[in-house]
Amino acid sequence: MKLKLENIKISYPGKFTLNADLELKQGEFHTFLGPSGCGKTTLLRIIAGFNTPDSGRIYLDGKDITDLPPEKRSISIVFQDYALFPNMNVEKNIAYGPETQHWPKDKIKTRTKELLEAVELPGYEKRKIETLSGGEKQRIALARAIAVNPALLLLDEPLSAADEKLKASLKAQIVETHRKNKLTTIYVTHDQEEAMTISDRISVFRRGNIECTGTPQEIYFKPKTLYTAKFVGQSNIIEGTVSSAGDLVEVRCTQGQIFKVQNRSYKYSAGDRVTLFFRPECCTAANGTEDNIIKGRIVDRIFYGRFYTCTVQTPMGLLTVYDTYPFHMDMAECSLTVSPDDIILFSE
Amino acid sequence: MKKSLLTVLCLCMAVSVFAGGSKEKAASDSDKLVIYASDSFLSEWGPAPVVFPIFEKKYGIKIESRQVGSTGEIVNLAIMNKENQTADIIIGADNNLLSTVLKNDILVPYKPEGIEKVKDDLLFDKTYHLIPYDYSFFALVYDSNKIKNPPKSLDDLLKPEYKKSLIVMDPRTSSPGLGFLMWTVKCKGEGYKEYWKKLMPNILTVSEGWSSGYGLFTSGEAPMVISYTTSPAYHVEYDKIDNIKTVLFDDGNYMQTEGVGILKGAPHMEAAKKFMDFILSEDFQSEIPLTNWMYPVIDIPMPDSYKSAPVSDKPLLLDAEDIDKNLDSWLDGWLKSTMAK
Amino acid sequence: MKETRLPLLFLFLIPFLLLILFFYVPVITVFMTGFSKEGLVSVLGDSYCRKICLFSLEQGALSTFLSAAIGFPGAYILAKYTFRGKGFLKALITVPFVLPPIAAVLGIVLLIGNNGIINRALMALTGAAEPPLKVLYSLKAILIAHTFYNIPLFIRFVYPVWEKIPKSLYEAGRSLGAGKVRLFYTVTLPWITSAVVASCALIFVECFMSFSIVLVLGGGPQYSTMEVEIYKLARTTSHIAKACALGGLETLFALVFISIYTAAGHREQRYSGSAGRNEEVPLKSLSMAHSIPALLYVLFLLLYVALPMVTIAFNSFTGNGRWGLSGGFTLNWYTSFAQPVMYRPVLNTVFIAVSTVICAVLLSLVIAAVISRWPKGSFLVQIFFFASLAISSILLGLGYLLTISKLGFRPNGKILLVAVHTAAVLPFTIKAVSLFYSRINRRCIECAQSLGARPLRILWTVKLPMIKNGIFTAGIFAFAVSAGEVNGALMLSPEGFTTMPVAIYRLIGAYRFYQACAMGTVLLLICIAAFYAIDRLGEVSL
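Chains as they are written, first to last, in the numbering used here: chain A, 1 to 348; chain B, 349 to 689; chain C, 690 to 1231.
Hints in this document: simulated from the structure, not taken from any laboratory.
Glycine is no exception: its CB is placed at the ideal position from the N, C-alpha and C atoms.
Heads up, a few of these hints could be off.
Computed footprint of chain C on chain A; a stretch qualifies when at least three of its residues, placed anywhere within it, have a C-beta under 8 angstroms from a C-beta of chain C [to be verified]:
hint, region
1, 84-90
2, 97-111
Away from chain A, derived, C-beta distances all over 10 angstroms, residues of chain C [to be verified]:
hint, residue
3, Leu700
4, Phe705
5, Val730
6, Ala768
7, Lys779
8, Lys829
9, Leu842
10, Leu878
11, Gln911
12, His979
13, Thr1007
14, Tyr1023
15, Arg1132
16, Val1151
17, Ile1217
Construct all of the structure, not just a fragment, from the sequences and the given hints.
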C-alpha cells in the first residue's frame, strides 16, 4: 500500500467535519472529486502536511508521517495558481527541490533539461516567470514538483484556470507524465469529466465525507450511492414500490409501469419504497419484445455531433436518452427499453 | 552578489552589537573622575578635548565625561540624581542657576588652590559651592560693513534705523536669550515690558537657540545679533576678518559667569578636589579663550584676537535670589510684550 | 511547524521588550513623575497655553493641507509615468528626512532669506536696495519649511500605493462607460484614500510637534508650538509636573492622529490583497498638453526639494576667511575632513545608521510575521509600536534622564543610541515590511515546504526575495531617520562619539558655519548615494 489514510478527522466548526479513510496503490492516479467546499482540498493539504488533522494517522510507504512537517514528507504539490517563485527564473524554480536535497550541480542541470524537454518547453531555462503564459507556468510547476521524484504528487485543481484547448493539452501532459514516471498521484478537481478521463480511481466527496471510491467505470455505471449517481454524469431517476423480489426485482411505478431489475443484494422485499437509476446510454429504442418498455414522447432534442440528447416525456416524468448515429428517433412518440442489468436500485 | 551583501550586513550587525560592549573597560575606581558637562564644553571644538588630557596626564586620573545637553539640563540631572549621585563634578552652571543649585543642596563647598588669583567681582558664589572658571558679557554683535553707526545703549537699539535688523534668542530656550532679558530687566526694571514692546519692530526673528540665531546672522539675514563680547575674537582668529564687532553699551553689559562645583555624595572626592584646583591653574585657564570663547578668570596673557573682545567695565548682574523669585513672571511679561505686536 | 514555534515565540518577544524598555518605561516614568489633575488645570487655565495649542493645531492643519495638495500631482506622476531621472527623484525626495531642522532652516534662509541667493539675484537684476522677496519670519515661512519636509513625505507614502492599482480595474470601469472623472472617484480615490489619510495624519503630527522651525522662521513667540513650552518647562525641575501635563495634552492630540494613521494603514492592507501593478507610461509618449505640465511639476518639485540643500552645498564652498556670501570659492572645509574631528562623525553616522537599519529590518520582519499570523491583534500590535510617534522627543529625553537617574548606571551609549533610533523608525519599517509580507503568496511557501525546504531556507530563498522591496523601503527610512536624528544622539551618545547632525550643531555652535555646511553636504551626499543605490538594487533584481 502506497498511501493509507486512517480515520482522518478534522472539524471546522460551523462549516463541516472531514472524515476520511483511504488507501492508494503504488502508481495509482487517484482523483478527489466533489463540489467546491466539500473538503477535498483540505484533505489534500492534510496529506501534504500543511494542515494537521484532529485525529487519525497517515502512512506513506508504511511509514507514519502524520507528525512530520511538510518538508520531510517527500510529497510534492502543484497548486491551481502555480505558485512559482517569482524571484527565480524557470531553471531555478525547477532546481529548487534538487538544490534543497544538495544534488550535485551537473546532475541538477541534466535533470532540469530533461524535465523541460518532458514538458515540451526546451530552452526555457533562463526565462523569467512573468514572461510565461498560463499553460507554460503550469508545465513548469509540474516539472518543479516532479524534479525530486517525490513519493507522492498532489495536484490541486491544476487545470481550472486553463481554457478548453489548453486543458486538453495539459491533461495529456499530466497523463503522459504519470505514465512515464509511475508517480502515485492525487488529483483534486470539481470537474467530473476531467476525473473520468484521467483517473485510475476516483473518490467522490460529499460535505466532508468520501461518499464512494472506485474506478471511473464503477463510479459511472455502478455507483454505490444515489448522490454519486446524481453527481457524476447524467442520470434517470424513477421512484417506485417493490412488488415482488426474486432473481429479478419487480418495481411498480406510477400509472402501473413495472420495471424488472437485476437483484444484486437480495435485500429488498415487497412493499419497499425504492429509487431506480439508469444512465441515458442504457436506454435504447425498443422493438417490442424486451422487458421494461417505456412509452413516451420526445419533447426536446439537442445535437452534440455524434449523438442527440433527447428529453422524453413519460408517465414517470422526464427521462434523458441518447440517440447515437445513425439517428433513428424523431420528435414523436417513441418506445424505449432498459435492460434489467443496467438499472440500479437505491432504497429511500 | 546578494549573498555576499547579506553576509556583510550580518557581520556589521554582529560588530555593532558586540563592539560597543567590549571596549569600555571600567577603570579602577580610585583614579577616575566623572564629570557632567554641557554639550558645547565637551564638543570636539570645545575645551574638553584640550584640557582633559592635560589633567589626566598631570594627575594620572581618568576622566569620564557625560554630556547631557544644555547647562540647565545638567543641573536638572544632578538634582534628579541627588540620592544616588554617580558623578563628581558639574561644569557649566552659571550665575543664573546659582540659586537653583544652592536651594537644592547638590554641591559641597570647596575652596580650591589659587582662588586668590580670581578677581573678586567674578566670585559670584561667596559660599564657594560654585567656583567660576570663565566669564563673558552678553553683547550686541554686528557687521560693521552693514551697520556704520552701531547703537551705544539699549535705548539706541530702539531707533527706527535698525528696523528688522536684530536677531535675539528666546529666553525660554536659550541662555543668551535669557541673559538679554535679564539685561533689560536690570536696566529698565519693571519698564522692561515696555522696552520689549518698542524693541519688537527692530527684531527680525527670535530663534530658539544661540546656534540657529548666530547661524542666521552668519548667513547675512540680519546685521545685528545678541551674542557675547568675545564672539568677534573667533572671526579675527580663524576667519581673519575684522568687520564683526561688538559694542559695549553705556548702560553696561550683562555678565555671564560659568562655574564648576563638586557634587554632594561624589564617589571620587579626592580626584574632584584635584580637578577644582586644576580649573584655576594656568594650564586650564590659558585654553579657555580659544576653545570656549570666554575670558579666563585669572590674569594671563591673552591672544591677539581678543583685542576685538573688549571687557565691560560696567558689568551688570541681578541678584540670584531675585532671579529665583521672579524668573517666571519675567518670562511671562516678556512673552506678553513680544506677542502683543 | 510545531517544532519551530517555541523559538519563534521567543523571537517575537524581543521587539516588544525592546520597545517597552526604550520607550514605554521612560515615558511612563515621566507621566508617573508629574502627571496630575493640578497640572492639567494649570495648563488649560493658562490663556497662553490655550493660544499656542490653537496655533499648533492651526499651522499643523495648514501645513498638512498644503503638503497634500502640492504633493498629490507628484504622487500621480511618479505612479503613472516613467521618465529619465525618476530613480534620482525618488532618492531625492527621501533626503529631507535626514536633514536636521537646523540645517533645513539654514538652507531655506540661505535660499530665500533677506540675504539669500534669490533675493540677491533679484536685487542685482532690479537694482533694488531692499530685498524684494520677504516671506521669511511669518506664517508663510513656517509653511514653506514644513512643505519642504512633507511634500516629499506625502509623495513617498502615496505613490507606491497608487502604482499598485491594477490596470484591470480601470479597464473594467471604462468598459462600463466610466469617464476619467468617474474613474478617479470610483477607482483611484477609494484605493489611495488610506494612504492619503495615513500620510496626512503623520504629516500633521510632525508639524504639530515642530519646534525650531516654527520658532526661527515664524519670527518669534507669537508663532510658537506646545513643544517650545514643554521644553521651557522641562528645563527646571520645579516645573516638571506642568511640563508633563502639557506633554500629556500634546500626546493626547498626537495619539488621536496616530490612531487615524494606524487605522488608515490597516484599511490599506485590505486593499493590498488585490494589488496589481498599473502600466507605467513614458512621459515622453504623452501629448505636449499633458507632458509639459507634468514636466514643469517635476522641475518644480526638484527645485523645491533640492534647492535648499544645494544652497547648503554651495555655501560649503565659500566663505574663505571672508564674511558673508561674498567669500570666494574654497575647498578648505572639505580638506578639513582629513582631520579625525571631521571624518569620525561621518563614520559614526554610517555605523549607527547601518546598525539601525539591520536591527529595524530584522525586528520589522519578526513583527510582520506576528501580524500575519495574528491578524486580529495586528491593530493592537501596530498601536503599540506606533505610539512612539506621539511622544515628543523632549518628553522622551526627559524620560531617559529620569530613568537613567533611577537606574543609577548608564548602559552602553552606542547600543542605547541604536536602540532609540530603532524604536523611532519601527513604526515606518513595520508598515513597509508588513505591507509586503501580507502579499506573500502562501502557496509558494507551501510549495517550497513540500519540496523539502526547511523554514530557514524558505525564509532565505522565497520569503525574503518576495518582500525585498518592503525591506529596501524600510531600510531607506531607517537609514534616513537614524542619519538625521539629533536629540537622542546629543543625549545618549558616549563621550567622543559624534554623529554628523550633532557635529553640524556643534560646528555652528563653535562659529564654524561654513564647515557645518560642508558637514551637511556630506551627510546629504551619503544619503542620496545610499538611497539611489538601494533603489537601483531593488529594481534591478525584481
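Do the hints match the structure? See the list:
1. Against chain C, the region 84-90 of chain A contributes 5 residues with a C-beta closer than 8 angstroms to a partner C-beta. That satisfies the three-residue criterion, and the hint holds.
2. Requiring three or more residues with a Cβ within less than 8 angstroms of a Cβ of chain C, the coverage given for the region 97-111 of chain A holds, as 3 such residues are present.
3. For leucine 700(C), the shortest C-beta to C-beta distance to chain A comes to about 18 angstroms, beyond the 10 angstroms cut-off, and the non-interface label holds.
4. Every beta carbon of chain A lies more than 10 angstroms from that of phenylalanine 705(C), the smallest distance being close to 27 angstroms; the non-interface claim holds.
5. The claim that valine 730(C) is not at the interface with chain A holds, since no C-beta of that chain comes within 10 angstroms of its own (minimum 53 angstroms).
6. Every Cβ of chain A is farther than 10 angstroms from the Cβ of alanine 768(C); the closest lies at roughly 20 angstroms, confirming the non-interface assignment.
7. With a least beta-carbon separation of about 22 angstroms from chain A, lysine 779(C) lies farther than 10 angstroms from that chain, consistent with its non-interface assignment.
8. Residue-level check passed: lysine 829(C) sits 49 angstroms from the nearest beta carbon of chain A, beyond 10 angstroms.
9. With a cut of 10 angstroms on Cβ distances, leucine 842(C) stays outside the contact zone with chain A, its closest approach being about 29 angstroms.
10. Every CB of chain A lies more than 10 angstroms from the CB of leucine 878(C), the least distance being 29 angstroms, so the non-interface label holds.
11. Annotated as non-interface, glutamine 911(C) keeps its C-beta farther than 10 angstroms from every C-beta of chain A; the closest such distance is 56 angstroms.
12. The beta carbon of histidine 979(C) is kept farther than 10 angstroms from every beta carbon of chain A, the shortest such distance being approximately 29 angstroms.
13. Annotated as non-interface, threonine 1007(C) keeps its C-beta farther than 10 angstroms from every C-beta of chain A; the closest such distance is 49 angstroms.
14. Distance check for tyrosine 1023(C) against chain A: the nearest CB is about 42 angstroms away, which clears 10 angstroms, and the non-interface claim stands.
15. Consistency note on arginine 1132(C): stated as away from chain A, yet its beta-carbon is not over 10 angstroms from all of that chain's, at 4 angstroms minimum.
16. Taking the minimum C-beta to C-beta distance to chain A, about 6 angstroms, the non-interface status of valine 1151(C) is violated against the 10 angstroms cut.
17. Distance check for isoleucine 1217(C) against chain A: the nearest CB is about 27 angstroms away, which clears 10 angstroms, and the non-interface claim stands.
Of the hints listed earlier, those the structure fails to meet are numbers 15, 16, in rising order.
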